[in-house]
Amino acid sequence: MSELITLTIDGVEIKAEKGTSILRAALENGIYIPHLCDHQDLTSVGICRVCLVEIEGRRPTVSCMTPVEEGMVVTTSSEELDMTRKVNMELLILHHDYDCQNCAKNSYCKLQELTRYVGIDEERISAMRAPALDFPIDDSNPYYQRDMNKCVLCGICVRTCEEIQGDECIDFAFRGIETRISVLGDKPIIDSTCVTCGECVSRCPVGALVPQKAIEPTYEVETVCPFCGCGCNILVGARGGKLVSSTAVEDSPVSGGSLCVKGRYGLSFVNSPERLTTPLIRRDGELVEASWEEAISLISEKLGQYKGDQFATIASAKCTVEDNYVLQKFTRAVMGTNNIDHCARL
Amino acid sequence: MAGLATTLGSGAMTNTIGEVSDSACIMAIGTSTTEAHPIIGYQVKKAVRRGAKLIVANPQEVPLVRFADLFLQIRPGSDVALLMGMARVIVEEGLHNQQYIEERTENFEAFKESLSEFSLDFVSDITGVPEEKIVEAARMYAQNSPASLLYCMGITQHSHGTDNVLALSNLALITGNLGNISGGVNPLRGQNNVQGACDMGSLPNVYTGYQKVEDEGARQKFEGSWKIELNPKPGLTHTEIFDAAYRNDVKALYLVGENPVLTEANASHSIEAMEKLEFFVVQDIFLNETAQKADVVLPAASFAEKNGTFVNTERRVQRVRKVIEPVGEAKPDWWIISAIANEMGAEGFAYNSAADIFREISAVTPSYAGITYERLEHGGIQWPCPAEDHPGTPVLHTEKFNTPSGKGKLMPLSYRPSEDCCDFDFPLILTTERSLYQFHSTMTRYSEGLDELSGGEHIKINPADAERMGIADGDLVKVKSRRGELEVKARITRRSQPGVAALSFHFAECPTNLLTSSALDPVAKTPETKVCAISIEKA
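Chains as they are written, first to last, in our numbering: chain A, 9 to 354; chain B, 29 to 567.
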């Protein structure tokens, strides 16, 4: 446990660990400071300038880049601060598309959260508004879409790719009003080194990076990813009896809130129309549909003739602990053999 | 897993995924971690950003190489030589941990003697790695503590896979890297619940928690619990089961959730074996290539349609929860087996839920004794967890090893070449690998989009070999081994070293395992799918 520091924010005394930024200390204590480019998993960079605060005895400063100090007295809102912050925010939304209802991030958008807090002066914005951006939408990746017209250049995706994924396949490109996030050679994302982990998509605060087919789930259940041996904790969303979403459990001790392409986007095999839905029995050389009663009585009658070492079971590392326990108990106790193995060696 | 069980007393990942990022040195051998275990790949890259040294040893130039301080592009099947060569450098230069060796290990002198075979020029000759790189790797691993060893199928899928694992355990033991945080010997398990299937005794020689079927005490305990007399003879392993079926010794097979038509080494032999079976039941979520050969096919519920637990590669038992109702008439696997057992008049299969079964597991499995569904509601627990007030065990062997003497056993080793050797007719070595975008053979093929990202199957050939054979990128080529042949497109890439080509085994269109060898490791009975002599010509 590291050292605790006491400070005051808006007259409220709070404690925070040494090294925490004022922004994170405030948020952890339920005090909202508007912010956009800061993310709990990433290095702070102070790009968006909307998390400005006043610290007694200093000029206004960005709270995401300032660590807490003993006895600090912080103010998050005053006439001067609010005005400065408003200008900073206006600069962020000058080019931004207003059509929120047609955006996949509607109601999850950090920019909406920000404008709700700061307030928009429609007349000032219209007067300053530059011609709309007209970047083509990049939908070359089967799982996510990039719309640079909605990008606010917070750099969260760039830092995610560098710090979480470690691949550094995207970065800021071009200058001035032309600045955008791009890949080497400004190609479609599918032609880059992107491995589609979706970490940037899950962290993008606006509608610039969104899943190709975003379907809002009716409910979500916490379970474990069915692919490799990592065993990442996932929240699986369902709607109408189908799986529609998968997101990382943020405080997962296994993954630390990350996922890979398979865990995030690869679960639709469950919904496949090719799934087996009834037992099948081979009759005259063809596998034909049968009832459970028929299948179970046929199997139990047949297996009764093969007890002992002429029988074997191949169990499955895809099935649960409970499935495997029952399988080996059946093989040993009912069939009387230890001929059971699974694909651990493959 | 047989290797670590001999030297340490437990064949599982000794440390925890979250510890990897705090290692001072990571040696990743026989694993393309960023592709096969992406989340552990993130941890490795994080460690590198924090200043850790990274050594990658692999026949293929895997993506992780980009982040490595040192890349050892070894010849397939030369791992023992490399690891013992490193051990010799460590001992000769006095970089070993003498105190740890004296206090916690045994057999050091015999082990030391066996190092004499592994002179630098011999090791360099076998591995194809320059001598100075072997020395550098040895120093890097020994001088940066804690050092973590990560390995996967590139180590185990050899006719000498157990020796490879023993060589890794030797390296960790002589440097004191077992029982420490962020060190250890860490096999990365391929499937979501391989660890759990092993823990549950879906193995021919053990009941749950690795209690041996040959051990009379263990057998009597299970006879008491299951109220029936049990067979004391260990059963057949995976590859042996198919061999026995081929000989008509095994006549009935019950196969769950697997597709050996694509994944079994020397697949045409296994396919013939399946065709000889008198009765063949397959239980799966898809009518895959194997299920199409069955007499009865049963529809199983997927992971999202049932309750239960999976155990991940770091021994963490975690709750799997039902999200949706099973499709059609599909049923959980445990329900199906129990229904058959009940129909056959067996006692002890009256389970109503996965929770019922887990209670029975905890009662008969000492390492699971303290794990309950109630506790798992608050997060996973790493076994061993012997009591309900025990927090679980993130790091194994902190005080002693689970061997009879409590000490870690150093193993003398000698180099054995792979069984499937190259000759004039089969001049190249084929090794198998995995794609980030696919998983084994079935599930991901039914998930929209993943095929598009993976770009289909290609045999990866070094530019020098391609030029000599007159093969261009994208050409269709015929690949032959001593067991089979297939056609596939060529991808010319430096990822493969000269003399070595690589294929994955995800695609039914390209059944790689028709080619591979089923030469078995004599102890672990793992087939040698990582080394297979082939020839390539334009189709």
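Heads up, some of the hints might be wrong.
What the hints assert, rightly or not - Taking lysine-lysine and the DSS-like style, the derived pairs with C-alpha atoms no more than 25 Å apart in a straight line are: (1) B:Lys-350 <-> A:Lys-221; (2) B:Lys-428 <-> A:Lys-310; (3) A:Lys-315 <-> B:Lys-74; (4) A:Lys-315 <-> B:Lys-488; (5) B:Lys-566 <-> A:Lys-315; (6) B:Lys-508 <-> A:Lys-315; (7) B:Lys-140 <-> B:Lys-350; (8) B:Lys-435 <-> B:Lys-240; (9) A:Lys-310 <-> B:Lys-321; (10) B:Lys-428 <-> A:Lys-315; (11) A:Lys-315 <-> B:Lys-517; (12) B:Lys-508 <-> A:Lys-310; (13) B:Lys-350 <-> B:Lys-321; (14) A:Lys-310 <-> B:Lys-488; (15) B:Lys-255 <-> B:Lys-240; (16) B:Lys-508 <-> B:Lys-566; (17) B:Lys-488 <-> B:Lys-428; (18) A:Lys-315 <-> B:Lys-279; (19) B:Lys-508 <-> B:Lys-488; (20) A:Lys-94 <-> A:Lys-118; (21) B:Lys-140 <-> B:Lys-517; (22) B:Lys-350 <-> A:Lys-250; (23) B:Lys-249 <-> B:Lys-279; (24) A:Lys-310 <-> B:Lys-279.
Worth flagging that the hints you see were computed from the coordinates, not collected in a lab.
Hint by hint, here is what the structure shows:
Between Lys-350 (chain B) and Lys-221 (chain A) the alpha-carbon distance is near 23 Å, which keeps this suggested pair within the 25 Å criterion. At most 25 Å may separate the alpha-carbon atoms for a hinted pair to count; Lys-428 (chain B) and Lys-310 (chain A) exceed this at roughly 49 Å. Proposed proximity of Lys-315 (chain A) and Lys-74 (chain B) is contradicted: the alpha carbons are some 53 Å apart, above 25 Å. Distance check on the hinted pair: Lys-315 (chain A) and Lys-488 (chain B) sit about 46 Å apart at the alpha-carbon level, beyond 25 Å; violated.
Between Lys-566 (chain B) and Lys-315 (chain A) the alpha-carbon distance is near 50 Å, which puts this suggested pair outside the 25 Å criterion. Restraint check for Lys-508 (chain B) and Lys-315 (chain A): not satisfied, since their Cα atoms lie roughly 40 Å apart, outside the 25 Å limit. For the given pair, Lys-140 (chain B) sits about 53 Å from Lys-350 (chain B) by alpha-carbon distance, which is inconsistent with the 25 Å threshold. A distance of roughly 21 Å separates the Cα atoms of Lys-435 (chain B) and Lys-240 (chain B); the hinted pair therefore holds under the 25 Å criterion.
For the hint linking Lys-310 (chain A) to Lys-321 (chain B), the alpha-carbon distance of about 17 Å falls within 25 Å, and the restraint holds. This hinted pair does not check out: Lys-428 (chain B) and Lys-315 (chain A) have alpha carbons roughly 42 Å apart, beyond 25 Å. Annotation: proposed proximity of Lys-315 (chain A) to Lys-517 (chain B) is violated, straight-line Cα distance about 47 Å (limit 25 Å). For the hint linking Lys-508 (chain B) to Lys-310 (chain A), the alpha-carbon distance of about 40 Å lies beyond 25 Å, and the restraint is violated.
Taking the CA atoms of Lys-350 (chain B) and Lys-321 (chain B), the gap is about 30 Å. The hint is violated against a cut of 25 Å. Note on Lys-310 (chain A) and Lys-488 (chain B): the hinted pairing is violated, with a Cα-Cα distance of about 46 Å set against a maximum of 25 Å. Our distance criterion of 25 Å between C-alpha atoms is met by Lys-255 (chain B) and Lys-240 (chain B), whose separation comes to about 18 Å. Under the criterion of a C-alpha separation no larger than 25 Å, the hint pairing Lys-508 (chain B) with Lys-566 (chain B) is consistent with the structure, at around 11 Å.
Note on Lys-488 (chain B) and Lys-428 (chain B): the hinted pairing is violated, with a Cα-Cα distance of about 45 Å set against a maximum of 25 Å. With a C-alpha separation of about 10 Å, the suggested pair Lys-315 (chain A) and Lys-279 (chain B) falls inside the 25 Å cut-off, and the hint holds. For a cut-off of 25 Å, the pair hint linking Lys-508 (chain B) to Lys-488 (chain B) stands: about 15 Å separates their Cα positions. Distance check on the hinted pair: Lys-94 (chain A) and Lys-118 (chain A) sit about 15 Å apart at the alpha-carbon level, within 25 Å; holds.
For the given pair, Lys-140 (chain B) sits about 47 Å from Lys-517 (chain B) by alpha-carbon distance, which is inconsistent with the 25 Å threshold. Straight-line distance between C-alpha atoms of Lys-350 (chain B) and Lys-250 (chain A) comes to about 12 Å, which keeps the hinted pair within the 25 Å bound. Annotation: proposed proximity of Lys-249 (chain B) to Lys-279 (chain B) is violated, straight-line Cα distance about 30 Å (limit 25 Å). Straight-line distance between C-alpha atoms of Lys-310 (chain A) and Lys-279 (chain B) comes to about 11 Å, which keeps the hinted pair within the 25 Å bound.
Checked against the numbered hints given earlier, this structure breaks hints 2, 3, 4, 5, 6, 7, 10, 11, 12, 13, 14, 17, 21, 23; the rest are met.
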